[in-house]
Amino acid sequence: MLLTRRMDFSASYRDASGATTGHNYELEVTISGRIDPETGMVVDLKELKELMEREIEARFDHRSLSEDTPYFRDRAPTPETFAELIFSLLDAALPKGSLHRIRLSPTRELTVEVTR
Amino acid sequence: MIRVIQRYDFSAAHVLARRDWDDERNRTVYGKCANPAGHGHNYCAEVTVEGELDPRSGRLLPEGRLDEIVARRVLGELDGRFLNRDVSIFETAVPTAENIARHIWDTLVGEVAPARLVGVRLIETRNNSVEYLGSEVPA
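Protein chains in written order, with the working numbering: chain C, 18 to 133; chain E, 193 to 331.
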C-alpha cells in the first residue's frame with residue numbers, strides 16, 4: 018500500500034546568474050508499507066504531517082535555500098538537487114526503507130521525482 | 193502494454209474508530225477522525241487496468257464496461273453512504289482510506305477480464321491519498 022501526503026511551502030534561492038528568485042513549492046511524499054491490521058492504517062497521518070513540518074517546513078518555508086540553509090554552499094539549488102536533499106532528509110527521519118518516492122514541483126509546469 | 197486510468201468521484205461519511213475500543217483510545221489513535229457522529233469526504237477513485245487491445249474495437253474493454261461495473265459494484269455500494277453503518281465490511285473493518293482502497297480492489301479484481309486490474313488509487317482529500325497495487329509490496 019502506498020500512502021501520499023502533500024504539502025506546500027515557499028522558499029527563495031539564488032540562481033546561477035546570481036539573481037534571487039522564489040517559488041511556491043508543492044511536495045508529495047509517498048510512503049510504502051503494510052496496513053496495520055489493528056488500526057487499518059499504513060502510518061499515522063498526523064505523525065507524518067508533523068514529521069514533514071519538522072523536516073521540511075521548519076527548514077525551508079519562507080527561507081532562502083542559499084542564505085538560510087547550509088545545504089547549497091557547494092552545489093547549486095536546482096529543482097533536482099533540492100528534491101534529492103528532501104528525499105535524503107525524509108529518508109533519514111522515516112522508518113528505514115519506508116520512503117517510496119517524493120515529487121517536488123517548483124512550478125506547475127515542472128515536477129522532479131526521486132525514488133530509491 | 194497499454195493501461196487505461198479512469199476516475200470516479202463519490203461522497204461518503206465515515207468514522208475512524210474501532211467498536212472494541214473506548215472513545216478515549218479511538219481519539220488517541222484516530223484524532224478528530226474518531227468523532228462518533230462522522231464526517232465526510234469527496235473521494236476520487238482512480239482505477240487502472242491494463243491488457244491487450246481488442247483488434248476490432250481498438251479498446252481494452254468494451255466502451256462503458258468499466259463505468260458500468262464501477263457504478264454498480266463500487267459507487268452503488270459507497271456513494272452517499274455512511275460507510276460504518278451502511279457497508280457491511282466496514283461494520284468491522286475501520287473505513288480508513290487504506291481499507292477503502294483495498295475493498296475497491298477486492299471488489300473489482302475479478303470483474304475486469306479480459307483486462308487486468310493494476311491499481312486503485314483513492315484520493316481522500318487534496319492532501320491525502322493512498323494507492324493499492326494488489327499486494328503489500330509495491331511494484
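These aren't lab readings, by the way, just hints derived from the structure by calculation.
Predicted, not measured: the structure shown is a model, and the values here were computed from it.
Don't take every hint at face value.
Calculated pairs, DSS-like style, for lysine-lysine (alpha carbon to alpha carbon, straight line, at most 30 Å) [as the list claims (entries may be wrong)]:
(1) Lys-63/C with Lys-113/C
(2) Lys-224/E with Lys-66/C
(3) Lys-224/E with Lys-63/C
(4) Lys-224/E with Lys-113/C
Derived, one-sided and incomplete: chain E residues facing chain C with beta-carbon distance under 8 Å [claimed, not checked]:
(5) Ser-203
(6) Val-221
(7) Gly-223
(8) Glu-242
(9) Leu-245
(10) Asn-291
(11) Asn-319
(12) Ser-321
(13) Val-322
(14) Tyr-324
C-beta: ideal position from N, C-alpha, C; glycine also.
Checked hints:
The suggested pairing of Lys-63/C with Lys-113/C holds, with an alpha-carbon distance near 19 Å, which does not exceed 30 Å. A C-alpha spacing of about 14 Å is found between Lys-224/E and Lys-66/C, which places the hinted pair at or below 30 Å, so the restraint holds. Between Lys-224/E and Lys-63/C, the direct Cα distance comes to roughly 10 Å. Compliance with the 30 Å bound is thereby established for this hinted pair. This hinted pair checks out: Lys-224/E and Lys-113/C have alpha carbons roughly 28 Å apart, not beyond 30 Å.
Interface restraint check for Ser-203/E: the shortest CB-CB distance to chain C comes to about 20 Å, outside 8 Å, so the restraint is violated. For Val-221/E, the shortest C-beta to C-beta distance to chain C is roughly 6 Å, which falls under 8 Å, so the interface hint holds. The beta carbon of Gly-223/E is positioned within 8 Å of a beta carbon in chain C (closest approach about 6 Å), and the interface hint is therefore held. Checking Glu-242/E against chain C by beta carbon gives a least distance of about 17 Å; that is not within 8 Å, so the hint is violated.
With a cut of 8 Å, the hint placing Leu-245/E at the interface with chain C is violated, because the nearest CB-to-CB distance is about 28 Å. A least Cβ separation of about 5 Å between Asn-291/E and chain C falls short of the 8 Å threshold, and the interface hint therefore holds. Using the Cβ-Cβ criterion of 8 Å, the hint placing Asn-319/E at the interface with chain C is satisfied: the shortest such distance is roughly 5 Å. Of the supplied interface hints, the one on Ser-321/E holds, with its beta-carbon coming within about 5 Å of a beta-carbon of chain C, less than 8 Å.
Of the supplied interface hints, the one on Val-322/E holds, with its beta-carbon coming within about 5 Å of a beta-carbon of chain C, less than 8 Å. Given hint, Tyr-324/E at the interface with chain C, holds; its Cβ is 5 Å from that chain's nearest Cβ, closer than 8 Å.
Checked against the numbered hints given earlier, the structure breaks hints 5, 8, 9 and satisfies all the rest.
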